[in-house]
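Starting from the known structure of chain L, arrange chain B on it as the hints suggest.
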Amino acid sequence: MSGNVRVTKQIIAIITLHPERVGGSVPIFHARSAASLEEMARYISRVTGGMVHELEEGTYFIVLH
Amino acid sequence: MDYLICVPLGTLMGTLARLYMLRIDYRQYPSYPQGYIIHLSLGFIAAFLGAVALPALLNQDFTAATFLALAATQFREVRDMERKTLLNLEPTELVQRGTAYIEGIARVFEARNYLAIFVALLVSIGYMATASLHEGWRFMVAVGIGLLSAYSLNKLMRGKHIGDIADIKPGIISFDGPLLRVDHIVIMNIGLQESRQRYLTHGQGVIISPKDPNAKATLASPGQMQAIVHDLSAVLGLRLDIGEPEYLPLPRRDAQTGAIGLAMIPSSPSIEAMIEAARRVPVLEASVRKPLDAKAGLMVD
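Sequences listed follow chains L and B, in order.
Letter by letter, the first sequence follows residues 1 to 65 of the working numbering.
Letter by letter, the second sequence follows residues 1 to 301 of the working numbering.
In case anyone wonders, no lab produced these hints; they're calculated from the structure.
Positions of the beta carbon are idealized from the N, C-alpha and C atoms, including for glycine.
Treat the hints loosely; a few may be bogus.
The list that follows gives simulated cross-link-like pairs (lysine-lysine, DSS-like), each with its CA atoms no further than 30 Å apart [said to hold, decoys possible]:
#, chain 1, residue 1, chain 2, residue 2
1, L, LYS9, B, LYS290
2, B, LYS295, B, LYS211
3, L, LYS9, B, LYS160
4, B, LYS160, B, LYS216
5, B, LYS211, B, LYS84
6, B, LYS169, B, LYS211
If the Cβ cut is set under 8 Å, some of the chain B residues that face chain L in the computed set are [to be verified]:
#, residue
7, PRO178
8, VAL186
9, GLN193
10, GLN197
11, GLU246
12, ALA286
Just chain L, same shape as in the assembly:
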């Protein structure tokens, strides 16, 4: 393995339609619609290499595994 440190099993971003229901120190992205929620989640996951999980209807979080 290279010397890079990779933080895994940690939430790296949250994308949500319900900003009032999430909070904390991770980046939180507010989506306008279900379609933009889906799209933002996909973009962030592809860039970070993280995986998109659904927490509840309208809230996705991204985790590096």
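Chain B alone, transformed into the frame defined by chain L:
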């Protein structure tokens, strides 16, 4: 004069035996000429050592015979070499082999050199022991012994496969909310609709159910599960790119029955091929558990 035939013959048969055991396999790594050369030349040296052992003893040259023991250390290096190579390659694999699988492969490579020694030794014994026969017959007997021993040793060395210890049947992929399932085994949480759709249209699932408690304990080893996933991905190919972790196949275990559920999106979809590939995954030496051989294990069963 005898030695002039016995030693080259033994060496040749031993090297051929090594070549026979070095079949290119989609799972094993010497799939390029360099790998062949490395293993054939080591096999040649091993065979030579085996072939000279008996003539050396007959000549009362005990020093030469003790060198055989020294040479064995040399072949331990082979295991180390294989292990290092495969471990170095590991980060470049889309689906990793896992250390248990690598250890198994490395051991096989070391063992095959000893088999080459053994075949060469048997050939030279066969030749020397038939001194009363006609020259042609001695030759035939020695070659026959070589072929037979190479074949049977290779057969003995072949371990079990997953198909021997477990039943493999297709599983149905479904989603329970975001949870991907194969039959009733939950695999993972997939958020994106697009990814779920891809699993539903192109995905294939299998359920690997152990046949007995021994098999159940063996299948529970994470190393064994990783080996299954690696082999399946190597054989069927994966429809994914780097940075799409949700398409990486994950094995999950049903804690109750010990069955392994696995979903993947192969690049060449065929459920029969997937089942056949799973059947042919070797049972790793390091993963074998035999609780039934213990008294307590029998009481549980």
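Comparing the hints with the structure gives:
1. L:LYS9 to B:LYS290: It is violated: about 34 Å lies between the C-alpha atoms, which goes past 30 Å.
2. B:LYS295 to B:LYS211: holds, 20 Å
3. L:LYS9 to B:LYS160: violated, 35 Å
4. B:LYS160 to B:LYS216: It holds: about 14 Å lies between the C-alpha atoms, which stays within 30 Å.
5. B:LYS211 to B:LYS84: Distance of about 35 Å is beyond 30 Å: violated.
6. B:LYS169 to B:LYS211: Distance ~13 Å between LYS169 of chain B and LYS211 of chain B Cα, so the pair holds.
7. PRO178: Result: holds, 4 Å to nearest chain L Cβ.
8. VAL186: With a minimum Cβ separation of about 13 Å from chain L (threshold 8 Å), the hint on VAL186 of chain B is violated.
9. GLN193: holds, 6 Å
10. GLN197: Interface hint status for GLN197 of chain B: violated (11 Å vs cutoff 8 Å).
11. GLU246: holds, 5 Å
12. ALA286: Given a least distance of 22 Å, the restraint on ALA286 of chain B is violated.
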